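Engineer: Sequence:
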Amino acid sequence: MRQRKGRTLTDFTKTLTAVADTHGADSHTTDPHTDNDGITRDDITAAPLPAHRDPWERRLLAHPNLLREMATEIGGPFHVLYPARVGHNIRAFRQAFATAGVVGTIYYGKKANKADCVVAECAAHDAGVDVSSTAELHAALAGGVDGGDLMVTGPAKSDELLRLAVRARAVIAIDALSELDRLTALGGPARVLLRALPPGSASRFGLRGDQLDLAVAQTDPQTIRLEGFSFHLSGYDYRPRAELAAALLERCREARGWGHPITTISIGGGFGVDYVPEAAWTAFRTRLSPHWFHGDWEPKDLYPYHFPQPGPRMLTRVLEHDGLAQRLRREGIGLAVEPGRALLDRAGSTVFGVQGVKDLFAHGHSYLMLTANGTSLSLSEQWFGSEFLPDPVLWPPGPGTVTPTAVGGASCLEDDMISRRRIPLPRAARSGDLLVYPNTAGYQMDSNESAFHDLAIPPKVVLRDIPGDSYEWSVESRITER
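In this text, residue positions in the sequence shown follow full-length UniProt numbering: the first is 1, and each later residue adds one.
In short, the hints are calculated from the structure, not lab data.
These figures come from a predicted structure and were not determined experimentally.
One should not assume that every hint holds.
[Said to hold, decoys possible] Distance windows between CB atoms, simulated:
| # | residue 1 | residue 2 | range |
| --- | --- | --- | --- |
| 1 | 431 | 201 | 45 to 51 Å |
| 2 | 188 | 58 | 47 to 53 Å |
| 3 | 385 | 322 | 32 to 38 Å |
| 4 | 188 | 369 | 58 to 64 Å |
| 5 | 163 | 320 | 37 to 43 Å |
| 6 | 474 | 214 | 49 to 55 Å |
| 7 | 75 | 357 | 18 to 24 Å |
| 8 | 414 | 144 | 43 to 49 Å |
| 9 | 200 | 278 | 27 to 33 Å |
| 10 | 201 | 181 | 19 to 25 Å |
| 11 | 58 | 233 | 32 to 38 Å |
| 12 | 414 | 233 | 34 to 40 Å |
Glycine is no exception: its CB is placed at the ideal position from the N, C-alpha and C atoms.
Take these sequences, add in the hints, and give me the full structure.
Structural biologist: In structure tokens form, the structure reads like this:
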């Protein structure tokens, strides 16, 4: 058996000194005391995944001092939101409906991002909002959304939420017969969709076929205005959405026979987002290796970061599948959608400051471990056994050589990793640099936020265009919860 000579404190000190001396030159250091098992430095470096970027973000990154100005003013990590892009996305969904000749209703899934500026953009473009709590309902109304343009979803809604929804004239997606009974007891009139449990689903949400039959037969049209049906499906395949919507058309006809004014089928959300180019995604998936990740970690699941027909184009595929658009028109039924992530596509980024830089080794090769000035609780994908994969931009740009780099959070938790994989940054990062993570507005900013360690929750910076091809920015709300 091969014998390995023990390392002395002097040996270890010499190694650290050598790394420190060469770090500023972006050099590659190997650990002479560790076997690399034939693994090269390229093998421990993840394939690049550059994100699609809108002109607004390219201008922000190219500005000589705007990001630094924001970072200095805020003094910690922050999110940047460009609400004009939300308006663009709303218009694109609306155009998909118009092209298909279908009456369409858009409800923004508010859980995807709490920002007030997003709700205000929805109001400005006559889009509705999907809410699941009294706080979300209040925020939507305060943001200018008409009560009749709200949809209230979620299981076992409180009596308070149901009362507020009725007073606001919001449509309520009923999840259980007991919920329908409570709503009836509150008095009406109330606007309702019945949420259907998809066939073969083990979901805890929705009504079985026999329960739908009972609800339709027993609901008094004088008290409850039954306007249609809704459902939610996991995954991002357009076909089952189109097929279940088509199947619900028969239920719409039957409900009309009971005197209900059926007008709508809601197919929920789940509209994919295209984060990265196809070639980069294919190369990443083909070469994916645990050697890329700090600690040879393996992700349990990955979001499809390249999605060839995202958002509105996926809606078009739904409407075209098996003649769904024609069938909806024939029955006089409109289609509602509840996109969250897709309405926020390319509408925001997250910025961390580099607080510390540390040299580590993996399989005999050096890499950098950065400590950011925030935590991975502000980049939610990291807490679902997964990894947020679009590469961050190291700012400011500068000369150097490609350096494999992982990014940890500023907490005491070993699992607090903002980027577990070793990203091929174009140069060695330094304390004070900024990391700009792209396209984080959908679910990354707000899903898991926490004031852990008494760290402030990152505020949201709202970016708006001003004459002269420049921006003005403001902090939407400085969250002081600790």
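Engineer: Just pull the numbers of the violated hints for me, sorted ascending.
Structural biologist: Per hint list: zero violations.
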